[in-house]
Structure formats: C-alpha cells, structure tokens
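Undergrad: As a plain string of letters, each chain reads:
Number of protein chains: 2
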Amino acid sequence: METIKVGLIGFGTIGAGVAKILIGKQDQITKATGRQIELVKICDKDLTSDRSIDLPSGVLTDNLSEILDNPDISIAIELIGGLEPARSFVLNLMKAGKNVITANKALLANHGAELFSAARSLNRTIAFEAAVCGGIPIISSIGTALQANRIESIKAICNGTSNFILSQMEEKGTDYQSAVREAQLLGYAEANPSMDVDGTDATQKLAILAQLAFGAEVDWKSISKAGINCVDAVDIRFAKELSYRIRLIASAQQSPNGLELNVSPTLVPESSPLAQVKDAFNAVQIIGDSVGQVFYQGLGAGQHPTASAVCSDVIDTVLGRTAITFKTLKLWNDQNEKVVIKDPLTIYGRSYLRFCVKDQPGVLAEIASIFGKCNISIAAMIQREEPALDHCVQMIIMTHAAPEGQLRQAVEIIAQFPFVHGTPIRLSVQD
Amino acid sequence: METIKVGLIGFGTIGAGVAKILIGKQDQITKATGRQIELVKICDKDLTSDRSIDLPSGVLTDNLSEILDNPDISIAIELIGGLEPARSFVLNLMKAGKNVITANKALLANHGAELFSAARSLNRTIAFEAAVCGGIPIISSIGTALQANRIESIKAICNGTSNFILSQMEEKGTDYQSAVREAQLLGYAEANPSMDVDGTDATQKLAILAQLAFGAEVDWKSISKAGINCVDAVDIRFAKELSYRIRLIASAQQSPNGLELNVSPTLVPESSPLAQVKDAFNAVQIIGDSVGQVFYQGLGAGQHPTASAVCSDVIDTVLGRTAITFKTLKLWNDQNEKVVIKDPLTIYGRSYLRFCVKDQPGVLAEIASIFGKCNISIAAMIQREEPALDHCVQMIIMTHAAPEGQLRQAVEIIAQFPFVHGTPIRLSVQD
Chain A
1 METIKVGLIG FGTIGAGVAK ILIGKQDQIT KATGRQIELV KICDKDLTSD
51 RSIDLPSGVL TDNLSEILDN PDISIAIELI GGLEPARSFV LNLMKAGKNV
101 ITANKALLAN HGAELFSAAR SLNRTIAFEA AVCGGIPIIS SIGTALQANR
151 IESIKAICNG TSNFILSQME EKGTDYQSAV REAQLLGYAE ANPSMDVDGT
201 DATQKLAILA QLAFGAEVDW KSISKAGINC VDAVDIRFAK ELSYRIRLIA
251 SAQQSPNGLE LNVSPTLVPE SSPLAQVKDA FNAVQIIGDS VGQVFYQGLG
301 AGQHPTASAV CSDVIDTVLG RTAITFKTLK LWNDQNEKVV IKDPLTIYGR
351 SYLRFCVKDQ PGVLAEIASI FGKCNISIAA MIQREEPALD HCVQMIIMTH
401 AAPEGQLRQA VEIIAQFPFV HGTPIRLSVQ D
Chain B
1 METIKVGLIG FGTIGAGVAK ILIGKQDQIT KATGRQIELV KICDKDLTSD
51 RSIDLPSGVL TDNLSEILDN PDISIAIELI GGLEPARSFV LNLMKAGKNV
101 ITANKALLAN HGAELFSAAR SLNRTIAFEA AVCGGIPIIS SIGTALQANR
151 IESIKAICNG TSNFILSQME EKGTDYQSAV REAQLLGYAE ANPSMDVDGT
201 DATQKLAILA QLAFGAEVDW KSISKAGINC VDAVDIRFAK ELSYRIRLIA
251 SAQQSPNGLE LNVSPTLVPE SSPLAQVKDA FNAVQIIGDS VGQVFYQGLG
301 AGQHPTASAV CSDVIDTVLG RTAITFKTLK LWNDQNEKVV IKDPLTIYGR
351 SYLRFCVKDQ PGVLAEIASI FGKCNISIAA MIQREEPALD HCVQMIIMTH
401 AAPEGQLRQA VEIIAQFPFV HGTPIRLSVQ D
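Chains as they are written, first to last, in this note's numbering: chain A, 1 to 431; chain B, 1 to 431.
In short, the hints are calculated from the structure, not lab data. No false leads were mixed into what you were given.
Stretches of chain A that chain B covers, calculated by requiring three or more beta carbons in the stretch to come under 8 Å of a beta carbon on chain B:
{"#": "1", "stretch": "26 to 40"}
{"#": "2", "stretch": "125 to 139"}
{"#": "3", "stretch": "146 to 155"}
{"#": "4", "stretch": "299 to 305"}
{"#": "5", "stretch": "311 to 324"}
Straight-line alpha carbon distances no greater than 20 Å define the calculated SDA-like cross-link-like pairs of lysine to any residue that follow:
{"#": "6", "chain 1": "B", "residue 1": "Lys225", "chain 2": "B", "residue 2": "Gly258"}
{"#": "7", "chain 1": "B", "residue 1": "Lys330", "chain 2": "A", "residue 2": "Gly34"}
{"#": "8", "chain 1": "B", "residue 1": "Lys327", "chain 2": "A", "residue 2": "Thr3"}
No residue lacks a Cβ here, since even glycine has one placed at the ideal position from N, Cα and C.
Make a model of the complete structure from these sequences and hints.
TA: Structure below.
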C-alpha cells in the first residue's frame, strides 16, 4: 500500500483539529482511500502548548525546512493564516514539489493570482475548501457538483462572528457592545474582532467565491462593504416590525452590465432561509440556471468543522480528484475571459435608512423632498413618538430599488441638515 | 481536443432537460472541461412528442442498439426509470464498454449490488447524483466532501410530492384529498401518486443513502415505513398547537446496537431547519462527527434540477473524477464489513398518537392504563370538547421515547377497545 506523507504548518486550533483527524482516524481514512496517509511533521513556533493530542516524538518542530526539504512529504497544509510568511511558505512549498492545502482566505483574496499561476507552472495544486464557510462543502459544490449550471447569484452568511452577534442582539435584545462582549466570552469573537465586524473577512471570502463561481478576478478592497458594527439594537427592532431580520450578507449577482458584488448588513425577509440562520452558523444560497435555488447551512468556523474541510482536501489531493478539479477550473488564470465587475455606484438595490432627527415641524417634508429630487421612491416609513437621545426621534425609511450612487448622494445631503444628529444608518434590503 | 460521445436512453421530462443542457450549453461545458461532449444518440419509444428542443437529425431513435453497438459512445445515461428493462439495459451498456449515469433510485435500491458488482468486474463506473434529492448535491457531498467524517445521522425530506401535499395542508388548511388533487393539477404528483404518498419512494432513497453514508446493505422493503396518506388535516392542526410541523422524514442514525432506519411522517419542531422546508423542496440534514450539522435544501425533482445533477455526473465521468470516487467508495461491495441494521421493533422513539374515541366515561383511564402496562410514558395529551364524527372526540397523546415494539403493541390493544373508532394514527416525533 502506498504511503502519502503530509506536513502541517501551523499548530493552532485548526491545526490541532486536523492532526486529531489524520492521526485519530488513520485507519478509517486508510480504508476509505486505499492509501496510508501519514502526518509526519508539524511545524509551529510554539512547541510547548498543550493541544490535547498525543504526537509521536519527532513530529512537532519549529524548523520549516524539516517539511520543505523532506522530499518524501508530498502534501503540505498551511494553517498559519495572514499574508506573510504564509505567501512565501506556500510558494516555497510548491517549489519544493508539494501540493498545498490552505484554509487562508486572506492569502487567496490577496495573492490568489500569484499562487495559482505558480502552482500551474510548477505543476502543483492548491485546495482551499476550508477557506470559505468552514464545514459547508461550498467550494467543491460550486467547483464540481453545480458545474452544469450558469450561477446566477450567491448570497452568503460567511462570517460566523457577525452572525452570532446579530443573533444575540435579536434574541436577547442586547445592544451591539454587549453582544460583542458575549461573543468574545464564548470564543466566537477574537479580542480584536475588527476584521469580522467591519466586513473585511466576508469581503475576502466573497472575492474567492466570485472567482470560483463567476471567474471574476476582483480586488477584494474594491468591493462595496459595510460591517455589522453600524447596526444598533433599534435597527434589529425596526427590522422585526417590518418582518425582516438583519444578517451580514455577502452577495454576488450576475446582471446584464456585469457582476454585482456587495457586503452589507442586510434586511432579509423573516420567512427566508437566510433569516433562519442563527448563532455562529454560516449559510450559502446559490441560484443556478438549471438547479434553481440550493441552500447550504453549517458551521463556518471552529476546530472540527474547519478540520473536516481541510482533511477532505487532503483526501481529494491524495486520490487525484484535486488535480482534475484544479486543472479544470483554471482559477485566477490570466488567460480567462475578463469578467466585468459592475461599478458599485450603479448597482440597484433597496435600502433601510435610519435618521436620528430633531422632533420639529418640517423635518419629514425636507427629507422627503431630497428623496424626490434624487429620484428615489419611498416604500415604507416609520416614525415613533417615543423620543431617542437629545430630544430626537428615529425616522426609518425603506426605499424602493435605486442606484447606489443616488442613495449615497441623498443620504449625504440629508446628513448635512442641522436637524439630523449623528451619522445616518444605511442597511441593504433583500426580498 | 478530445470528443466524448454520449448516448441518452429515455427522452421524457428529465431526458429533455439533459438534452437541453448538453446541447444548449455545449460551449460552456467544452470550455469548462477541455473536452467536446457530444450527445449523439437519444433512444425512446416515442419519436414524435414535442420536447421543445431542436435535435440534429438522426439523433433520436427507437433502436437501443444504435447506442449499445456504437463503440464511439463511451457514456450512457439511463433515464427510463423502473426496474426492467432498465436493469438489463444498464448491464448491457456496461458490457458494451459504456460508463453509466442513472437517476433511477428504484433500480439502485433493488439491484444496486448486482449492478455495482458488474461495473467493478467490467471496469466501468455508475454515477447517480440525480437518484436522490435531484438538484441537491448530496451524493457527492457524502461521497467526497464529508469523507473525513464518521456520519452519525441523516434526516432527509426526499419526496417532493409528499412535502408539497403536507405544505398545502399546512398553509391552506385543506384536507389530504384536496391537497393531492392540487398537487396533481400543478404537476407535483402523478395521476397515481401511491409510491410517493405511501413512503416507498423515500424508503428506496433512504436505502441508497444508507449504503453511501454507512456502507449498509439494506433491503429497502425491510425498512419500517409509513407514508403521508395517513395524515389528516386534524393532525396538522394538533401538531401546530404543540409547536411542531409534520414532514415526511427518511432517517438513518448510528446507534450502539446498529443502524436505525425509518421513514415516517414526523413531527419536527417548528423552529428546526427541516420545518422550514416548504412546497416541493427537498432537504437533507447530516450530522458528522467532525463537521457537526450540515443542512442542504434544494429542488428534489423537476426537469432542470434533476438534469443539472445528471449533467454534473456526465462531466465528472468525462473528467475522471467519477472513476476515482467509484473506486474509493466501494459501494454495494460484498467485501465490505457487514453493517448491522437494528431491528425496527427495538428502535426507541417518541410518538404522536391520535385516537378517535367515544365521548364516554372511563375512556382516558382505560387508554392510560394500557400505556402504563406497556411501560410507555405519556409526555403530553390533548382532548377537545368539540366532537368529531359519530359523536367521537379526538384524543392526542404524545409519548416519551419508547421501543417501537412496545408502542405497536399498546396501539394494537387500544385499537381493539369498542370505544375506539377507526384505525389509530401514529406519527414519529423528533426533537
């Protein structure tokens, strides 16, 4: 029986999960694959922390060259995260003849083109099921099972931290800051959760999905993005009143004038599948021209779900399925037809707007007149008698679909009125 | 560029859908696969019906030997359904050197062992993504993406007709017969829907999933099965009152004493993902030891979703992924370790019971005493003052978990009481 030797770089939470599967389930994997898959080296700076796993002696090292320079290791798993040294490591591992598996969405979103081009010229493969939505097999679904489809749209809840925080606010009526603290306490948010709550993480994942599903090479920084850090408890309440729930949605949609990409806290109808996604769960809704709507839900992060995805890539790489899929998909290939990305300012969409306004005559007329001038039609409006802070009231306006540029302009003009306090809040609305 | 020639047998609804994709999207598929996939022959008895598709002349034939004896055709798609002649066709096609793709769940549930053994000895492959849950890529997910997991349980809504009927009854308050007629009118149920509404179809699909996820070779006829044809409008109402919805659930679950298999209309908590599945949608909830809970929802039937699954198998077969997966999974292989199937009578579960009883003193005491004697604990009970037919009242009893055998015995005894009218109704309950 053939033995495949695997090296793992990064022995944190996910790394330990991968080691548990590759070592603990070795018999099962051998039976399933007909190959002995052996985790022979794990490289990490930290050689002492307890990861609740018994490693054979000599496996753990802080010297990368024990993987890089070992010609018997044919598969390397990169789980250190971040851009450097992950980028150099992956390039060097491929140059050293290893196929790479990574869970690093930031790396792919920033350096996908360079890494995939290097992989092609070195005749190596890169697999990345764990980089988007952890345990949900969304990368393999789009890359293989849905391949007879022209994908029309993807809407993803791909940041578990954000979903957990929104879910807490929704269910317990807590404010944003308390929900963040609760998420940190339970391990769903890092000490500094800014990449999660400002939408960066979701935007990087969306850039990867856009490449995979639409062949679109997009700079993730150019995607129009908002995070959940602008959502207040009052927005959750008003959304509920309007029969919506708020979710951080990363959305990609084909349109006649190009691919529309957006990451934003979004009001989704409370009866929609996306609205049912609670706590740290992730979900993806795909519409394909043949298959119609397919919906996936699962755990997007955490040791075991992410390790499940990494190990499925290991098995696929060992069996040769990865090589076929890698060659077929031609990801981040500059020979691909260029996909037009629509200018965010021209994307049509509905908005939920919240203005904190002084409780005085003429306010509504002034605001309404700006919408009229900007050619934006108002679908619904709520204003309550209960005063907010500083003798202001909250005014909620739901618009009909209008171009992003016009909406921004209208909100900017209204924000300058002396009777408007603070920054107006704008969320997307989906039906 | 290599050209792969494909033959299609069965030019009904699904067959026409497959032809539309393979012909209409030929350029897209060629670009994606790097091969020219050519649908060269379609065989059907009916040469005249309009399928809204322009075929090149000479493609449609009623002579199977034009596929069987054409050595250039390397892939054959079987879409005629049923057992014979489908079984002989598939065997002969493989003997003639063709890899087979089928959407035929009855064929696999009845003759899987024979067909897969023949495929192995002939060095051919069989792919069947479309046989279970149509457009949901559940076969490839279990067979590839979740392969690092030990699957613990599967709960599937895999019969769209049943789900549509239950959904109609739930939303419109209609009775079973009207909902069936509505389903027939809209094309969601056949003129004779018995295989759908008596649970046969779901049971055959469960047998396939049990083979794929657990390696269990099970005679589908031995699986404990009930269909939705026993569900009355009153059950939908009572379920709602108890905060449940009724779904036809095909369930497979690992237990210390073997694999538990069951198909039954089931009360699922109204907040659960399965309860959100409406209309003709299918859904599958899988729990894996690493990945945790993954949930899939999509269209389980219909021309386009099913054709999407068939064509994904075509592409996988062309690219060579099917050959790898086929070899790895060793499905229906008598060399596999035997998986113990638990005796249905020993499976523990909760039940919803409805008795139509005469409105007279002592009835509840007599019924309750039988449950006590059979050692079954009652969790909830509803009896209403409003009389049902024949001066009877409906008595609803929800039990705690008890072995199937004891429950059957209790119900049989109670059914004999002179004050019980008609057949008691028993549904499963899941929490």
